[in-house]
Amino acid sequence: MSAKPNLPRILIIDDLLGRTVSDRPNEERANLCGQFLLEDVTGDEDAGKSGQKIKKPIARAVFWRGQQPLCSSVGDCVENDLKGTLEAIRQGWAEWRPDAPRWSMVLLDLCFYTGHVTAESNVRTPGMPEGRPDDSSPDHYFGLRLLEAIHAEFPDLPVVVLSSQPREQVSHQFSISGAFGFLAGSDPDSTGLLKDYLWRYSLIEDDAGEVVGHSKALLMALRASRRASLQDRNLHVLLRGERGVGKELLARYIHRQHAEHAKHAGRPFVVVNSAVLTPELFASELFGIEGRVATQVDQRDGLITTADGGHLFFDEIRDMVPQAQAGILRVLEEGSILPVGAREPVPVDVRFLSATNGDIESLSATGRFRGDLLDRLRSGGTLVLPPLRERQEDIQLLTETFAREAELATPGALERVIDETAIEELCEYDWPGNVRELRSCIFQAVHNHPDVEHLVPVHIELSSVVTAPQAATRSPSDRMAGDAAENARADDSDQSTDPASITLDELLATISNYEFDSADYAGLSQRLEELEGATAKLLANYLKASLDATKRPTPDHPGGKIFIHPTAKLMTGNPKLSASKAADLIKRLLNRSPAAVAPLLENSILKEALETAQRLRPSNPRKKRPNA
Amino acid sequence: MIREAGSAWQLRRSEFNHRWLKNEYMPALARLLNVLEGHIEDSEFQQTFVEDVLPRWKTHYPEVLSLIHDCENDMSPRRLFEHPPLSRWPREHRWLPEIVHVLWLSKYQVADKVSDSLAAANQANELYVNLREALECDPRGESVSRLEALRDRFADFRDKCQELAKSIERFPNKIFVI
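In order, the protein sequences belong to chains Z and S.
Letter by letter, the first sequence follows residues 1 to 628 in the numbering used here.
Letter by letter, the second sequence follows residues 1 to 178 in the numbering used here.
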């Protein structure tokens, strides 16, 4: 086993390199592996026979001759094998297996020599036939015939021609037949070229492990993202996908890939929740404030300045107020910002990555989102992240990843094996909340059952009623209708008054975007206390849910005991938060608007949390005055 | 017959350039360079390369010289006059093949191609001879450190082989009709 488990696995179809030589190692194959820094995992007698160890392989290679017999000696007749080769490709493409991940790319030779292996040809190159006149004729290359057949059956499989024949002879044919490029084995920088081809064209996992998965749909989105990351920085990218699919993670992936490939490490990545850009605040938030000595206004950088040289990610652009839309359009048109109070524009170099889970075109058509801004925001293309129900292959890996994270976040939780029946149940579910929902589900399962070594179906609590069998049997048109219905559901929820029917993200967007009616004088009167009370109750309820989520059974509390320290860590996302800071946080949350929160404190869990926090961090007694 | 005359040279070219130089010799050189740069652990390859692989140049060098020299004669459209129907032309018209040959040489700049290829082959051979001398003169023989010290020379030799391969590719792929 190599130290790097997710190296790309490539298939190399070549008569010379794929043959098995009976009485000695395949020297040409060992040379190619040494040249390109490939680990030979063919599994035939030749793999590993050469004794060389590549320290940092760039890929794992499986070699295939494309002919029969695989091992030939004097007297044998070698013939091309189209059917067998397609079957070999099919076996490594149909499904991902831990011991045989799907092909990331195929490297395909052009010229395959056929005919009889003679004593003379065998001396020249062991096991190779004499060759027939048509074998080396560009009009009759078997490699081109194979390329056409591969493209017809496996249109998503990336193929690159690997040949020592002159490129110009075949450049038109290989382009027509769907190959991504041509790699000349004799190029002095062949390793660099292959690395570059793998990066640009192959289907490879995120080697940083941040975007988790190996399904074709996800890997194609990652490939499109890598390509997008290479574009001119004036071309901005729109990311689409249902809620919870991981659009921000994909944006971070683009930023990381750009930094690695363009050697721009250390450039900033700034996330902006479009919903917080209110008409009053958007200018100072985005463009910053020019300092003024006379008025004692401090200079402050805006988010765009903070992102200068890097990427700025706008989450859910549907929530962007018209004033902010106009302001951003000016930045895109002029390449500069005008901080609040400034007279001179300041040039900026920021690439915008924007995300939406809704029908932004409809908003644009109705004038709620500026069409000219939308065009600018997607000038570098639109990337679509698939929903989790279309990435069923990833559910097991995601579940294992989330279970490990949850075990680390839950003090004392045991490491568990994910039971196959649990995976089956998870795969049958439709996941309307996508990866985010799966993560919550697994975290909940681990927090509720920390002392078990197996994650089984009884630990899983699913909330949606739509199940995969229904989804799986839906026709494409039904699915489109279903997706539309889902989006409509999301839209409806924006106006819903039932708190249980909206997500926290939607609630935050609603609160942030709420516009008070300045004409309604009476309506604005005496509402401060209520607003503060409602906010305090909301925060107390958030605390209550977080306490519940981190509760653990103990001998004294079989139903679960609360622990305020992990609760505060969960709420803040800060794993290094100290116990005293956690206690301070709990006290602060429950001491806001005491009158409003008091009824909630009757709930024993919140009362217990406050008492624990007060015990840990008692209030400082007032210093008595000397004369008192 | 005409097709065979041209394709015999094409086969020789394919044998040298495609099968040997590009598919066998240059990948081995590239592998050696990766070993010398520390990307590969292979205790035996350096010795195998110096004793077995590198000297193969010596046998293929005369072959490439002959290939380059023969191109002018074997790929010229003058060959068309050696076979029917042009071979049936009257004797008094036999000046035509030479005119065709001269035109072909001029149009396809064959002399320049021959000269470039010979230069690349000779320079590669010179680098090879230097490498052999450096390896034979060194009292430490083919020790790892000695080979590492010759890394740049091996890289130059690889680059020259690449230049030779490219120059041979530039020769015509068939007998062109003027």
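It is worth saying that the hints were derived from the structure and are not from the lab.
It cannot be assumed that every hint is accurate.
[Said to hold, decoys possible] As a list, the in silico DSBU-like pairs of lysine-lysine whose alpha-carbon atoms are at most 35 angstroms apart:
1) Lys58/S / Lys174/S
2) Lys56/Z / Lys166/S
3) Lys83/Z / Lys174/S
Keep in mind that this is a model prediction, so the values were computed, not measured.
How the hints compare with the structure:
1. Lys58/S / Lys174/S: holds (29 angstroms)
2. Lys56/Z / Lys166/S: With Cα atoms ~30 angstroms apart, Lys56/Z and Lys166/S stay inside 35 angstroms; holds.
3. Lys83/Z / Lys174/S: Answer holds: Lys83/Z to Lys174/S is near 33 angstroms, not above 35 angstroms.
Going down the numbered hints, you'll see the structure goes against none, and every one checks out.
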